[in-house]
Amino acid sequence: MSVEFRKELFANERDDNLNEIGKGTQRQDALGHVTGRSPYFDDHLFEGLLQIRCVRSPHHHARIRSVDYSQAENMPGVVRIIRPEDVPNNFNTLLSLLNFGRDDEPLLSSKKVSYIGEPVLAIVAGTDRQARDAVAAVRVEWEVLPHVLDVEEALKPDAPVVNEVYPNNTFDYHDKYDHQKLRYGDVETAFSQADRIVEGRYQMSPIEQAPVETNGAIAAPETNDRFVCYTSTQALFFSLGTAAKLLNVSSNRLHFIGGTVGGGFGGKVDSLVEPMAILACMLTGKPCRFVWDRQEEMQVGAPRGGERWYLKDGVMNDGRIIARQFTGYFDSGAYTRLSSYAIIKGTAHLPGPYHIPNVKADVFCVYTNRTPATAMRGFGVTGVDFAIESQMDKIAHEVGMNPVEFRILNAYRDGDMKAHRREAKNCALIECVQVAAEKANWPIRDEFKQASSMVGGGGERAKIPHTVTDEDGKIGERRAGRAGAGQTRTIAPSTPAPAPAAYTPPPPSAPPAPAPQPAAGQPAYAHPAAAPAYQPAAPHAPPPVTPAVAPAPPPAPAAPAPASETSTPSARPVNRPGYSRFASNSGFRRR
Amino acid sequence: MSISVKTFASSAEAASALSGDRTARFMGGGTLIMRAVNEGDQSFSTVVLANDPALKQVQPQGDRLIIGAGVTMAQILASRDLDFLHPVARAVGGPAIRNMATIGGNLFAEPPYGDMTAALLVLDCQVMLAGGQSAALADFLRDRAREPRTLVASVSIVRPQSGVFKFRKASRVKPKGVSLMTVAAWVPQSGGRVSGARIAYSSMGPTPMRVPAVEQALEGVALDEAGIANALAAATSGIEPPTDAIASSWYRREVAPVHLKRTLLGG
Amino acid sequence: MSKKPVQFTLNGDSKAVFVEDGQNLLDVLRRGVGDLSPKYGCGQGTCGACTVLIDGEPHLSCLTLAETVEGRSLNSTGGLAQGADLHPLQDAFMRHFAAQCGFCSSGMLMAAKALLDRNPNPSRDEVVEAISGNICRCTGYEPIIEAILDAAQSGAGRRSA
Chain C
1 MSVEFRKELF ANERDDNLNE IGKGTQRQDA LGHVTGRSPY FDDHLFEGLL QIRCVRSPHH
61 HARIRSVDYS QAENMPGVVR IIRPEDVPNN FNTLLSLLNF GRDDEPLLSS KKVSYIGEPV
121 LAIVAGTDRQ ARDAVAAVRV EWEVLPHVLD VEEALKPDAP VVNEVYPNNT FDYHDKYDHQ
181 KLRYGDVETA FSQADRIVEG RYQMSPIEQA PVETNGAIAA PETNDRFVCY TSTQALFFSL
241 GTAAKLLNVS SNRLHFIGGT VGGGFGGKVD SLVEPMAILA CMLTGKPCRF VWDRQEEMQV
301 GAPRGGERWY LKDGVMNDGR IIARQFTGYF DSGAYTRLSS YAIIKGTAHL PGPYHIPNVK
361 ADVFCVYTNR TPATAMRGFG VTGVDFAIES QMDKIAHEVG MNPVEFRILN AYRDGDMKAH
421 RREAKNCALI ECVQVAAEKA NWPIRDEFKQ ASSMVGGGGE RAKIPHTVTD EDGKIGERRA
481 GRAGAGQTRT IAPSTPAPAP AAYTPPPPSA PPAPAPQPAA GQPAYAHPAA APAYQPAAPH
541 APPPVTPAVA PAPPPAPAAP APASETSTPS ARPVNRPGYS RFASNSGFRR R
Chain Y
1 MSISVKTFAS SAEAASALSG DRTARFMGGG TLIMRAVNEG DQSFSTVVLA NDPALKQVQP
61 QGDRLIIGAG VTMAQILASR DLDFLHPVAR AVGGPAIRNM ATIGGNLFAE PPYGDMTAAL
121 LVLDCQVMLA GGQSAALADF LRDRAREPRT LVASVSIVRP QSGVFKFRKA SRVKPKGVSL
181 MTVAAWVPQS GGRVSGARIA YSSMGPTPMR VPAVEQALEG VALDEAGIAN ALAAATSGIE
241 PPTDAIASSW YRREVAPVHL KRTLLGG
Chain G
1 MSKKPVQFTL NGDSKAVFVE DGQNLLDVLR RGVGDLSPKY GCGQGTCGAC TVLIDGEPHL
61 SCLTLAETVE GRSLNSTGGL AQGADLHPLQ DAFMRHFAAQ CGFCSSGMLM AAKALLDRNP
121 NPSRDEVVEA ISGNICRCTG YEPIIEAILD AAQSGAGRRS A
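Chains as they are written, first to last, in this note's numbering: chain C, 1 to 591; chain Y, 1 to 267; chain G, 1 to 161.
By construction, these hints were calculated from the structure, which means they are not laboratory data. Heads up, some of the hints might be wrong.
[Said to hold, decoys possible] Some chain G residues flagged as far from chain Y (calculated, every beta-carbon gap over 12 Å):
1) LEU10
2) GLY12
3) GLY45
4) ARG95
5) ASN134
[Stated by the list, open to error] Once the Cα atoms are required to be at most 20 Å apart in a straight line, the calculated EDC-like pairs of lysine to aspartate or glutamate come out as:
6) LYS23/C <-> GLU146/G
7) LYS6/Y <-> GLU20/G
8) LYS56/Y <-> ASP21/Y
9) LYS4/G <-> ASP128/C
10) LYS174/Y <-> GLU126/G
11) LYS474/C <-> GLU152/C
12) LYS7/C <-> GLU438/C
13) LYS439/C <-> GLU4/C
14) LYS56/Y <-> GLU146/G
15) LYS176/C <-> ASP470/C
[To be verified] Some chain G residues close to chain C (C-beta under 10 Å, calculated; not the full set):
16) GLY22
17) PRO38
18) THR46
19) THR77
20) SER106
21) GLU129
22) CYS136
23) CYS138
Since we're looking at a predicted model, the values are computed, not measured. A virtual CB, placed ideally from N, CA and C, is assigned to each residue, including glycine.
Using the sequences provided together with the hints, build the complete structure.
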C-alpha cells in the first residue's frame, strides 16, 4: 500500500518522523481471524449451557394487561422463567453511569411497551428450540395504545406519551428546556441584513449497523461467587457497570471478558444482553447464553437514530454566510440510552467548520415509538453534517458560486471564534478541500488555491458578538400548547413529507436543474470579492428585552387515551412468511 | 414442539408421510425449511426427506425436459441440456445456496424469492406431484398457500429455441441480491412480429405471475423500441406491486417498464 | 428427544456425534464437535459466515440438517492450515488486510478455497461471484478480492486440499 504525504502542509508545525503511519502494521488478531481461532464471545464451550429467548411486543405501543406463562413454564426443557420482578433493579438509563439523565428503561417491561420488540419476559431452556417453543406458548394480553413514529408529530400537544419519565416526549435539558440551545450573535438582525435567505429541510432515516456477528453474551458461575461474562460489547466498562447496577451486585463480582467483536459500528454499546445472561445464570446456577438472532439484531437492536434538520441561512451576494439557524430533531425512539448525549455532541458541532458570526440552534431529543436509537459511526454528528454540507451545496448553487470555492470562502481559520465560544485552532478544512479538489480535478481559481487556514482568521473574527438569548421552550410549554422555539416550520420549496406509518409516494417531479459545471479554462462562477474579514452588523439599538415568560409548572402527564383498536396492531407471530417479514417498522424508506 | 426428522427412500413414501401428518413439511435443499426451523416456526414439527434418485434426474423428452424436483441450481448450471436455464440458476442466491436450493423448492418460495419459478411460468411448466397428478404451474401457485404439504416430484418444461427465452433479475446488490423485480419472457417471432408471447414477473405480487396485459400488447408487434411501447405502458396493468424492505410499491411501478424493456430488448 | 448418530470426516479427521432431530450442522460443528470456526450471522442463508465445504462444495451449515452429512467429507477454516503452516489463502488474507473484525473471514476463506480448488486461475469477476454469498461489513470487499487473486497467483489452487 502507498500513502501520499502532503508534507508541505503545516510543515513547520510537525515532526514528520512517522513510525507507524503508512507502514501497514498488522492487526494483533489477524492470525486468529484467518485461522478461525479469534475468540468471539460465543466461541466458548460450556457443559450444560442454557439458552435464553424473550417474549417481545408485537405492537408499537401497548399496555400489558396480563402475561400468562403457565403453559410455557411446564414445557420440555424449560428451566426458568424470568419476569420483570425478578430483575433486582429493573430501571436504568445507560448514562446513569455518568449521572446524566433519569432512569427510564426496564430490562423487562411490566406496565407497558413502547416499541416493537420490547421484551416483557425471558425464558431459559435447554435448547434454543425449546426456548422458542416456550415463548410461543406465552399468552400476553395487550391493550393497544395510539403510537407516534414521527419526531414532529411527537411534539404536538396531543401526541401520545411515549416515555412516562419524559411525558413531553422530549428529554429535559438542564432541568429547564425541552431542547438544547446554542445562541451566538443575533440571527434575526443578520437575516434582515442578508442579501438572500436559503432554507433547507434534511432528513436521515434510522440506519441499522448490521454487523455480521449479532449481539450476545454468555455468563457462567466462576470461583469466589463471581460470574464470568463473555460478551460482544464494544463498551466493556459500560456493560460491566450497567450489569452491576441492574443486578444490584458490586462490580467486583463480575468478570467481563470482551475484546473480539464481530463488527460493532456503535451497535454493541447498549449493554442489554449481559445483564440478562448474568441474571439467568444467577437464577439457575448454570451457564446461560443470550444471543440475538438476525431478526432481533435488525428489529430490536438499536439503530443510529433518524434525524430531521431545518437549516436557514442568511447569505450575502458575495457568498459569505452571515447567519445560520438550525432546528434539529433526533429520534431517540422509546428510551433515552445515549441520545441525550448525542444532541449535546451534535450541538457543539454547529454550525459546522465555517466562520458564521450569528448562529442559533434548537436541538431536540425526541421520544417516539420506534426502536430506541444508539450510536453509530460519527455518533451525533454524521446526520447534521449531511444536512450542513447539502445546504452548502444548495447555497453555492443559488449564489452561483463554485461549491468548493464557496467552502474555502466560508471556512473557519485559526483564531476565529466558534459558536460555542472556543477559539478555532489547528484548522485544516481549507487544505483538505484544496487537496480534494486537486485529486478530483475540480478547478478552483488561484486565489482559492492559495488560501490558508493560517491566514485571515482572528482579529474581528475572534470577538464574541453580542448575543440575543431567549427562554423559549421551557419544559412542558410545548406540551401544554404554548408556542415555543422549534415549532414546525415550512420552508420554500417545501418537500412533501412521507406519512410515518404508511408510505405515500410523492408525485414524480422533474429532476433538479444540474449544477453548473466549470467548463475547461472558463470558470462558470461569478468572481467573488476576495475573502473579506467579517464586517460586524451595522450598529443598532440593543434588541428589546424579551419579556420574561412566567415559568409554568410542568403539566401533569396527559393520561393516555383509553384504547380501543384505533390503530391496527402490527402482527408479529413467531413464524412470519411473506411480506410482514420485510416490513420495516421504522417506516419505509423513500426510494 | 420439538422437531422430528423422517427420511424415506422413495418420494411415494414421503408423500404418504406428508399427507398423513398436518405438522409435516417436505425438505428439499433446506434453504426454506431450515430457515424456518432455525427461527422456531411453530406451524410444523416434522421434516420429511426423500432420498429418491428420481428427484435428481434430468430427462429430455422430445421438445420438453423433465426435471426432478430435487435438482439443485448447481446441477442445472452443470447440465448442458438445461443451458437456457443457466442465467436463471445463476441468479439464485450465491454459490453455496446454489449447491442446496432445488427447483422444486423454488416453487414454494415466498416473495421476494421465486426467480426460477417466474422463468418456469413462461416455459409452459407442468408440475408433476408425487401421487401422479399434474397441474399447470399457474394453478399450482394459486393453490400452494392451501397445500403446503404437497410433494412435487418433477417439473416439465418446453425447451426454447434460441433467442426466444429472455430473463432478467433486477436487484440492488450484484451479483447476488434479492430481487426487486424479476422478468421472464418467452417471445417467439414469426415474420419479424411477436406471436404468442408469455411474460412473467416475480417479486411483483404474492406469487410469481403471468402478465396478460403485457402479453396482449406484444401480440403482432416488432421487437423494437417503437413496437413494444404499448407493452411497456401496460407493464404493471392489473398488478399490485408489494411494498417491502427492498422497495416500495410506487418504486416498483416506476421501474417496471424499464426492466421490462431491458429484458425484451437487452442492454 | 431422540438422537441420531452421524459420522463424517472433518478436515481429514473422522468424527462421530449424536445429533438431535432438526439440529443444524453449524450447531453440531460448533458445540458437538468443538470446531468454532464457522460462525452464526443470520440463520437464514444470507450472510455466508457459516460456510463450510461438503465434498469440496460450499454449503451453508446453518441451513444444513446435520444428519444429512453422514459419510460426507467436510472442510472448515479451522482445518485450512497444514499444521503450523498457513494455507496461501490465509497468508494472503493477512498480507492484504482482508480481515478487520474477522467474523466473515472463516466463510470467505471457505468460499475462496472452493473456487481455487476448482479454478486455480480465476478472473476478478469469478472471484467476485465466488464470494457473492458472503457478506462483509468492514472491509468493503476489495482487500478480500485482492487477497484471493494474490493467493491464486502463488499457486494456492494447485495445492492439495
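Verification of the hints:
no.: 1; hint: LEU10; in the structure: 17 Å, holds
no.: 2; hint: GLY12; in the structure: 21 Å, holds
no.: 3; hint: GLY45; in the structure: 6 Å, violated
no.: 4; hint: ARG95; in the structure: 25 Å, holds
no.: 5; hint: ASN134; in the structure: 7 Å, violated
no.: 6; hint: LYS23/C <-> GLU146/G; in the structure: 19 Å, holds
no.: 7; hint: LYS6/Y <-> GLU20/G; in the structure: 12 Å, holds
no.: 8; hint: LYS56/Y <-> ASP21/Y; in the structure: 25 Å, violated
no.: 9; hint: LYS4/G <-> ASP128/C; in the structure: 18 Å, holds
no.: 10; hint: LYS174/Y <-> GLU126/G; in the structure: 13 Å, holds
no.: 11; hint: LYS474/C <-> GLU152/C; in the structure: 17 Å, holds
no.: 12; hint: LYS7/C <-> GLU438/C; in the structure: 16 Å, holds
no.: 13; hint: LYS439/C <-> GLU4/C; in the structure: 12 Å, holds
no.: 14; hint: LYS56/Y <-> GLU146/G; in the structure: 37 Å, violated
no.: 15; hint: LYS176/C <-> ASP470/C; in the structure: 12 Å, holds
no.: 16; hint: GLY22; in the structure: 7 Å, holds
no.: 17; hint: PRO38; in the structure: 8 Å, holds
no.: 18; hint: THR46; in the structure: 8 Å, holds
no.: 19; hint: THR77; in the structure: 4 Å, holds
no.: 20; hint: SER106; in the structure: 5 Å, holds
no.: 21; hint: GLU129; in the structure: 20 Å, violated
no.: 22; hint: CYS136; in the structure: 7 Å, holds
no.: 23; hint: CYS138; in the structure: 6 Å, holds
Comparing the model with each numbered hint stated earlier shows that hints 3, 5, 8, 14 and 21 do not hold.
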